[in-house]
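Number of protein chains: 2
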Amino acid sequence: MTKRKKIFLEEHEMPRQWYNIAADLPGTLNPPLGPDGNPIGPEMLAPVFPMNLIEQEVSSERWIDIPEKVLEMLAIWRPAPLVRAYALEEALGTPARIYYKNESVSPAGSHKPNTAVAQAYYNKEFGIKKLTTETGAGQWGSALSFACSLLGLECKVFMVRVSFDQKPFRKMMMEAWGGTCIPSPSDQTQAGRNVLAEFPDTPGSLGIAISEAIEAAVTDPTGETRYSLGSVLNHVMLHQTIIGLEAKKQLKKINEKLPDVIIGCAGGGSNFAGISFPFIQDKINGAEMEIIAVEPASCPTLTKAPFAYDHGDIAKMTPLLAMNSLGHGFIPPPIHAGGLRYHGMSPLVSHAVKEGLVTPQALHQLECYEAGVIFARSEGIIPAPETNHAIASVIREANKAKEEGKEKVILFNFSGHGLMDLVGYDKYFNGELKDHNLSPEDYEKFTAVLKNHPSPIL
Amino acid sequence: MTKRKKIFLEEHEMPRQWYNIAADLPGTLNPPLGPDGNPIGPEMLAPVFPMNLIEQEVSSERWIDIPEKVLEMLAIWRPAPLVRAYALEEALGTPARIYYKNESVSPAGSHKPNTAVAQAYYNKEFGIKKLTTETGAGQWGSALSFACSLLGLECKVFMVRVSFDQKPFRKMMMEAWGGTCIPSPSDQTQAGRNVLAEFPDTPGSLGIAISEAIEAAVTDPTGETRYSLGSVLNHVMLHQTIIGLEAKKQLKKINEKLPDVIIGCAGGGSNFAGISFPFIQDKINGAEMEIIAVEPASCPTLTKAPFAYDHGDIAKMTPLLAMNSLGHGFIPPPIHAGGLRYHGMSPLVSHAVKEGLVTPQALHQLECYEAGVIFARSEGIIPAPETNHAIASVIREANKAKEEGKEKVILFNFSGHGLMDLVGYDKYFNGELKDHNLSPEDYEKFTAVLKNHPSPIL
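So the protein sequences, as listed, match chains A and B. For the first sequence, position 26 matches number 26 in our numbering, and the numbering has no gaps at all. For the second sequence, position 16 matches number 16 in our numbering, and the numbering has no gaps at all.
FYI, nobody ran anything at the bench for these hints, they're computed from the structure. Treat the hints with caution; some may be incorrect.
Covered stretches of chain B (chain A as the covering partner; in silico rule of three or more C-beta atoms under 8 Å from a C-beta of chain A) [to be verified]:
hint	stretch
1	4-18
2	99-113
3	144-150
4	174-184
5	376-390
6	425-436
All figures in this text were calculated on a predicted structure; none of them were measured in a lab. All residues carry an ideal CB built from backbone N, CA and C; glycine is no exception.
Looking at chain A on its own, in the form it has when it is part of the complex (with noise of 0.2 Å):
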């Protein structure tokens, strides 16, 4: 055992500051904009969000402390390993060093948990009982219902109807841990029955999911729930950065120089800004590195889409953010990464793909799934469809990196394990996907509603 795979931290050596980028993005941030077309004060947000998560969400100071109860439910499964991966390398024949973080090892399988425990603590210290939000494909569902079964708060989840007949797992996951899980559309909310009137039949979908999940808080008469968001947004991109902290960490405790290349698949954004924030620090202080962002060609929205502002959701309940979108109306081709098939994105890393700090790239789903069964069968772990972008990604620049004879370090984000999606693999392997691209009209077609908003396209 002269090769040492895994680096652990210990939990004193956990970092206690999440690391907020707004501090040091070049260029202005683009304030959130309300109905009017005028930027929203805090208090707009208070029926649906707590004031200190609302407060964090404004915030421009560089570090946030991260409080001793966070940190305590983190340490459950914190610090994650930092692995080098030897056997892929090897597999490979390159003489990149490949390192990933390994953020499957969470209870709930991805890195989702990093916020969900931080927005219930926060939640709960400001009085609040219970907590709604919407899941597509399941991740953050099950990861909201961890955090609430350890804090004893009530969670309510309404999942996409299609994935919630598909899944029945996920549903059963929440509910061990004390979470409700229904299908949307509902019954139980105004938006809900509205849609089922006209569509009784519908498969749903995360608009209206999100719809009713904000819905559902607002009208609480007890004033007691508020709504919680999974991505997207800036306090859960302070949240994850916990990933690249640790990373950085660990780097140096073996010695290893600053990594050339780092790599994260982006749906929202929240596991690539996780990963990739702490060292755009560095980045925009002077040093040399390429920051990758990978999502799926089918739902290109950092590659192929316009910085502007748009809703989060369908329904436009939303402020309007500034941010890459596709439009809000915009249905993704059904491929089997639902965590990357987001019409919009990240507002912070849609500016720092916007300053050249971040470079987008999109795959298609058959060169991701290829990659991801190399993984497996030279690293172990079974990724999750939406990880395996990064790895394709990955075995690119590791390829790259043979050609040029280079000794590159790269770095990337083991968003997740795909226990919970075999499904994937099992039609990859028997010839059921395909790739999709957005063809123009498509583009055309869903974008033209960014031209009708009270601000133009940025």
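Knowing the structure of chain A, use the given hints to seat chain B on it.
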């Protein structure tokens, strides 16, 4: 963060030798017998297992070196964390200090890969190209597929048809690692064809699947196929002792005393042996501790069955092993802890019980699910239904410590997570599960075969 939840070992602190309890057990171990009632020699096992594993099976050396390559594969997830269950202690209000060894962090989600990587390695060293095995609930088949993928061995798994149909995700998991999984009985073996001819609609059984897997190994004309078993045998227990050896180092690292109570669930005995055998050595040498093997009341091998010679499979293809057995024809009720539904028990574990070193305990499944839910909602990890048996026993001991006002140290093996077994929880919440007892009539009926063997009940 004054509380330290997880105790890690670095990779260089991983044990370099397995502990062979056969060297220390008091009394005389009864050798396996052939069909004629005489002890079998190693050569009789040669068509089934490679000679290097047969040597381990019969070894009386106390310490056996772990090969470097096996350590490298184990390092994918080992050393496994030892975790102080603060939140569970608080939920129970117990003065006991509860620790668990988290074996769910392996890529297959349980302790099974500990022996899978070792067995795959020794087979490859011996020139074997392909392994066959059977699987019931799917844990072992997944683990062996995982191990074979790391070493480039072929892996064929005969999965009990009813599980194959009910748990399609287990098959997909094996295939992601390149294994082949077919429902048993199949038309690929004479044993399978015989059963199908008579009972075309049979749900299959572990006994039939074992027969098919052994036949597929021994009839391969190239001679390059062997059979692999995931529990019961001595070399399997040996490979699992890394669990307890690590736990001992971890307790020492925080200056904790030897545990007062050690608990593991027991089906074939391997995860129980893994956590307990290294501590039983201390008990043999005079240390005082209670070591509890927990089994389901519906399959009470250690608490009710006689210690006798019996076959490991229904088709009587295995040698006669000296063990606690309910009779090789025993069909346990359909409880949701598939890994604990076995008529026999590891001969080494059975012997340790006979010598008074281990206290067996039989629990009902409703109490176990209740315990699992308490654990999931405090410690945050959803346990496998098998592991719930250990947790239920821990809760009993923790409550006893509370009544007695004693600061006991309790150690248990968290043998696997329940993410692939959520249906059991769903049925539990819906009130669809019930407790099962072994009826006196069934006991008489199934144990009758034990009197027909060439060697009498011991």
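Task: Unmet hints by their number, sorted upward, for this structure - done: Nothing - there is no hint that the structure violates, so all of them hold.
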